[in-house]
Structure formats: structure tokens, C-alpha cells
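Here the protein sequences come in this chain order: V and H. Each residue of the first sequence is one higher than the last, beginning at 1 in the numbering used here. Each residue of the second sequence is one higher than the last, beginning at 1 in the numbering used here.
Don't read these hints as lab results, they were simulated from the structure. A portion of the hints provided could be inaccurate.
Sample of chain H residues with no beta-carbon within 12 angstroms of chain V, all distances over it, derived [claimed, not checked]:
| id | residue |
| --- | --- |
| 1 | 133 |
| 2 | 187 |
| 3 | 198 |
Only pairs whose alpha carbons sit at most 25 angstroms apart, straight line, appear in this in silico SDA-like list of lysine to any residue [stated by the list, open to error]:
| id | chain 1 | residue 1 | chain 2 | residue 2 |
| --- | --- | --- | --- | --- |
| 4 | V | 25 | V | 206 |
| 5 | V | 192 | H | 59 |
| 6 | V | 120 | H | 120 |
| 7 | H | 25 | V | 43 |
| 8 | V | 25 | H | 210 |
Backbone N, C-alpha and C fix where the C-beta goes; we use that ideal spot for every residue, glycine too.
Protein chains: 2
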Amino acid sequence: MTNRGWVTLPRPMPHHGKIPRPTAKRLSLYLRELESRIGQGETTISSKQLGQALGLTDAQVRKDLAFFGQFGHPGIGYPIGELIARLRSILGTDREWHAVVVGAGNIGRALLAYGRFQRKGFRIVAVFDDNPRVIGSDLAGHTVLAMSALPALVRQQDVKIGIVAVPAEAAQAVADQLIAAGVPGILNFAPKRLDVKNAVSVVSVDFSVALEQLAFQVSLGFTGSLDEE
Amino acid sequence: MTNRGWVTLPRPMPHHGKIPRPTAKRLSLYLRELESRIGQGETTISSKQLGQALGLTDAQVRKDLAFFGQFGHPGIGYPIGELIARLRSILGTDREWHAVVVGAGNIGRALLAYGRFQRKGFRIVAVFDDNPRVIGSDLAGHTVLAMSALPALVRQQDVKIGIVAVPAEAAQAVADQLIAAGVPGILNFAPKRLDVKNAVSVVSVDFSVALEQLAFQVSLGFTGSLDEE
Numbered sequence: 001m002t003n004r005g006w007v008t009l010p011r012p013m014p015h016h017g018k019i020p021r022p023t024a025k026r027l028s029l030y031l032r033e034l035e036s037r038i039g040q041g042e043t044t045i046s047s048k049q050l051g052q053a054l055g056l057t058d059a060q061v062r063k064d065l066a067f068f069g070q071f072g073h074p075g076i077g078y079p080i081g082e083l084i085a086r087l088r089s090i091l092g093t094d095r096e097w098h099a100v101v102v103g104a105g106n107i108g109r110a111l112l113a114y115g116r117f118q119r120k121g122f123r124i125v126a127v128f129d130d131n132p133r134v135i136g137s138d139l140a141g142h143t144v145l146a147m148s149a150l151p152a153l154v155r156q157q158d159v160k161i162g163i164v165a166v167p168a169e170a171a172q173a174v175a176d177q178l179i180a181a182g183v184p185g186i187l188n189f190a191p192k193r194l195d196v197k198n199a200v201s202v203v204s205v206d207f208s209v210a211l212e213q214l215a216f217q218v219s220l221g222f223t224g225s226l227d228e229e
Numbered sequence: 001m002t003n004r005g006w007v008t009l010p011r012p013m014p015h016h017g018k019i020p021r022p023t024a025k026r027l028s029l030y031l032r033e034l035e036s037r038i039g040q041g042e043t044t045i046s047s048k049q050l051g052q053a054l055g056l057t058d059a060q061v062r063k064d065l066a067f068f069g070q071f072g073h074p075g076i077g078y079p080i081g082e083l084i085a086r087l088r089s090i091l092g093t094d095r096e097w098h099a100v101v102v103g104a105g106n107i108g109r110a111l112l113a114y115g116r117f118q119r120k121g122f123r124i125v126a127v128f129d130d131n132p133r134v135i136g137s138d139l140a141g142h143t144v145l146a147m148s149a150l151p152a153l154v155r156q157q158d159v160k161i162g163i164v165a166v167p168a169e170a171a172q173a174v175a176d177q178l179i180a181a182g183v184p185g186i187l188n189f190a191p192k193r194l195d196v197k198n199a200v201s202v203v204s205v206d207f208s209v210a211l212e213q214l215a216f217q218v219s220l221g222f223t224g225s226l227d228e229e
């Protein structure tokens with residue numbers, strides 16, 4: 001059967017852990033684009049349209065989504081709403097994620113003051129520090145807990161995300177404690193590459209990378225936001 | 001002339017502002033990959049090797065770099081060091097960038113405490129706020145200045161980057177003031193999309209996007225860091 005450019009929809013089946021990493025990265029781009037389009041009142045989309053919006057070929061789009069099984073709707077396009085629901089389920093954004101912050105400093109405080117997490121399905125359930133002078137104090141409504149309380153809290157609250165917000169020199173030890181406590185995902189704000197021995201997932205937020213990206217855009221004369229293109 | 005997979009090097013010529021945005025985004029990936037390889041002692045690279053490392057075809061790599069002119073070294077590869085120097089010059093990472101922080105809060109404090117900027121060629125030269133109770137106080141060694149002092153300081157210090165570290169509801173007004181003062185690049189930490197009317201470059205750091213990316217990785221069962229692949 002030829003596919004005339006229409007999106008093939010993932011079947012509700014497991015993906016056997018064989019999704020290539022570049023595909024995994026693109027899934028969130030697909031989701032963001034689809035959410036933006038449904039917000040503008042669009043209801044169907046073709047793989048060609050989706051590809052064009054993201055600078056990908058329609059063949060690449062179809063190949064990416066085919067990792068989740070496939071059935072096409074040639075000639076009519078695919079309902080964006082249903083595709084969004086399927087991607088959210090695959091990507092886990094249809095459930096609530098419990099997170100802990102380790103490090104009761106500026107970053108920790110900024111994160112707790114950040115209103116957007118709850119709306120996106122993330123909830124910071126506790127804050128930890130290993131400084132005796134900070135333990136027991138209040139940080140944006142949370143009583144700062146000692147690191148020794150981490151394992152029990154991770155179990156009780158089903159914590160899936162540990163946010164490393166400590167200085168670079170303490171970051172690896174904190175990551176080791178999070179891994180030992182069974183936290184499967186680490187968001188790292190410390191300017192240090194963490195060695196997690198492929199035991200957990202890691203995303204690093206490096207402010208200097210963001211600044212560099214901005215310097216590139218200024219140097220190259222690009223205005224506006226590259227991410228919105 | 002056939003190009004047998006060897007990198008074509010950008011000529012030292014202006015790019016006429018016609019670089020496509022996806023190409024511009026990839027230049028920094030090329031630079032990071034090349035810097036990592038030279039750190040490991042490698043001295044030459046082919047477009048095929050560079051493409052494989054980044055999940056791109058060698059044709060795409062050659063096409064991207066050809067926007068800066070081209071001359072190939074078929075059969076011998078290209079000196080990584082020279083390619084890095086050329087990319088740094090194009091991307092502006094071979095000079096010092098002066099930045100100001102607007103917002104003397106948690107994010108501003110965290111940024112000033114962040115040691116990595118200086119090493120990467122960024123220098124925060126001043127901190128601004130519009131709260132009279134904060135103006136004149138000390139923030140990590142900087143006396144917080146009133147917003148009225150912004151235009152003169154931007155001129156005097158040749159400030160190219162304004163860091164928006166204020167709450168969402170104040171972010172647009174701050175961006176407008178930075179643009180009016182002639183700052184060509186904005187790094188936005190506020191959870192709000194800025195309307196800059198394509199007058200300047202913008203990069204946004206959205207903590208919830210990073211958390212989402214981590215949730216995706218955990219959901220999909222990817223361990224380690226996707227960015228390092």
C-alpha cells in the first residue's frame with residue numbers, strides 16, 4: 001500500500017525498547033507541534049505537513065511513528081487529537097511525576113517558586129540538603145529534609161525524578177545517592193557531567209550552553225527564537 | 001569533483017545572511033563534536049564520521065558547511081583544529097560577550113554564582129532591578145542598579161546579551177527595555193513567550209521543557225544522557 005503522505009499512527013503496543021535515540025528526541029518535537037496546531041483549531045495533519053513544520057522529510061516522520069506500529073489513513077489525514085493522546089501516553093506526559101530537589105540553594109528556591117511544573121504534570125514533593133544548618137528550615141513551604149531520609153521518601157512517594165541543584169563538587173555524590181534510592185531520572189543543574197553508569201536517565205541544564213546558543217544566533221544575525229521555527 | 005566523504009571547510013567569507021535555521025542549529029553540534037574529538041587526540045575528520053556521530057548524512061554535513069564556501073581535501077580528511085577555529089569565528093565563541101542580568105532574584109543569584117560563564121567567554125557586567133528596596137543592595141559582588149541606568153551601561157560596556165530573570169508578568173516589559181537599549185540578544189528564564197517583533201535574538205530556558213524531556217527518557221527506558229550520544 002502506498003502511503004500518500006498521511007501520518008501513520010502508533011498502535012497501542014509496547015515498543016520493545018528498540019526506538020533509536022534520534023527518533024525518541026523527535027517524538028517530543030512532534031508532540032509540541034501537534035499541540036500548537038490543535039490550539040489553533042486544526043484537526044487533521046499529514047506526515048508531509050508535520051515533516052515540513054519540523055524540517056524533516058515525510059518519510060522520516062512516517063518511519064519515526066512506525067516504531068509504535070502503524071495504520072495509515074491515506075487521503076484523509078490523521079486526527080491530531082488522537083495522535084497527541086497516543087504520544088502523551090508513550091512519553092508519559094499523561095501522568096503525574098513526583099520529583100525531589102536536592103540542594104536548598106538558589107536553584108532549588110527558583111524551582112520551587114516556578115509555577116509551571118504543576119500544570120505540566122510535575123510535582124516537587126520534597127527538598128533535601130546535607131547541611132545541618134539548613135536541614136529543618138523552610139524553603140518555599142517545604143521543610144528541608146536530611147539526605148538520610150531520601151530512600152524512604154522515594155519509596156513512599158514513588159519519586160521518579162531527582163533534581164540535582166548542588167555545587168559541581170557535590171553533584172556526583174548526590175547522583176549516586178539518588179540512584180541508590182531507586183530514582184530512575186536525574187535532572188542535573190550542576191555544571192558537571194555525571195557518571196550514572198547507564199543506570200538511570202539524565203538530562204542536564206547547562207546555562208552556558210543556552211548562552212552560547214544565543215551568542216550563535218546574534219553572530220549569525222538570526223532574530224526571534226530558533227525554537228519557535 | 002567527487003567528494004569522497006571529506007569535510008569541506010568554510011572559506012573565510014561572509015555568509016550573506018542566507019544560512020537556513022536548521023543549518024545554524026547544527027553548527028553548534030558540529031563544534032561540540034569536534035571539540036570533544038580534539039580533546040581525545042583526534043586530528044582529522046571526514047564528513048561521514050562527523051555525520052555518523054550526529055545522526056546526519058555526510059551529504060547533509062557537506063551541504064551545511066558549504067554555506068560558508070568550500071574546499072575539500074579528498075582522501076586526507078580535514079584538520080579538526082582549523083575547522084574548530086573557523087566555526088568558533090562564525091559562531092562568535094572566539095570573543096568575549098558582555099551580559100547583564102535583569103532581576104535580582106533566585107535565578108539572578110544562581111547565574112552570578114555560576115562559575116562556568118567566564119571560561120566560556122561570557123561576562124556578567126551588571127545586575128538590574130526595578131524594586132527600590134533592592135536597588136543599591138549587593139548581589140554576589142554586584143551593586144544592583146536601577147533600570148533607568150540600563151541604556152547608558154549597555155552603550156558603555158557594549159552589552160550584547162540581556163538575561164531576563166524576572167517573574168513571568170514582568171518579562172515582556174523588561175524585554176522591551178532591553179530592545180530599546182539596543183541589546184541584540186535575550187536569554188529568557190521567565191516562563192513566558194516574549195514578543196520581540198523579530199528585532200533581536202531570543203533563547204528561552206524553560207525548566208519544564210527539561211523536566212519533560214527527562215520524563216520522556218524515563219518513559220521510553222533510555223538511560224544515560226541523550227545529549228551525549
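Each hint tested on the structure:
With a cut of 12 angstroms on Cβ distances, residue 133 of chain H stays outside the contact zone with chain V, its closest approach being about 18 angstroms. Interface exclusion of residue 187 of chain H from chain V breaks down, the closest Cβ pair being 5 angstroms apart, not more than 12 angstroms. In this structure residue 198 of chain H is not separated from chain V by more than 12 angstroms, as the shortest Cβ-Cβ distance comes to only about 4 angstroms. For the hint pairing residue 25 of chain V with residue 206 of chain V, the CA-to-CA distance comes to about 18 angstroms; that is within 25 angstroms, so the pair holds.
For the suggested pair residue 192 of chain V and residue 59 of chain H, the alpha carbons sit about 34 angstroms apart, so the restraint of at most 25 angstroms is broken. Note on residue 120 of chain V and residue 120 of chain H: the hinted pairing is violated, with a Cα-Cα distance of about 32 angstroms set against a maximum of 25 angstroms. With a C-alpha separation of about 30 angstroms, the suggested pair residue 25 of chain H and residue 43 of chain V falls outside the 25 angstroms cut-off, and the hint is violated. Restraint check for residue 25 of chain V and residue 210 of chain H: satisfied, since their Cα atoms lie roughly 12 angstroms apart, inside the 25 angstroms limit.
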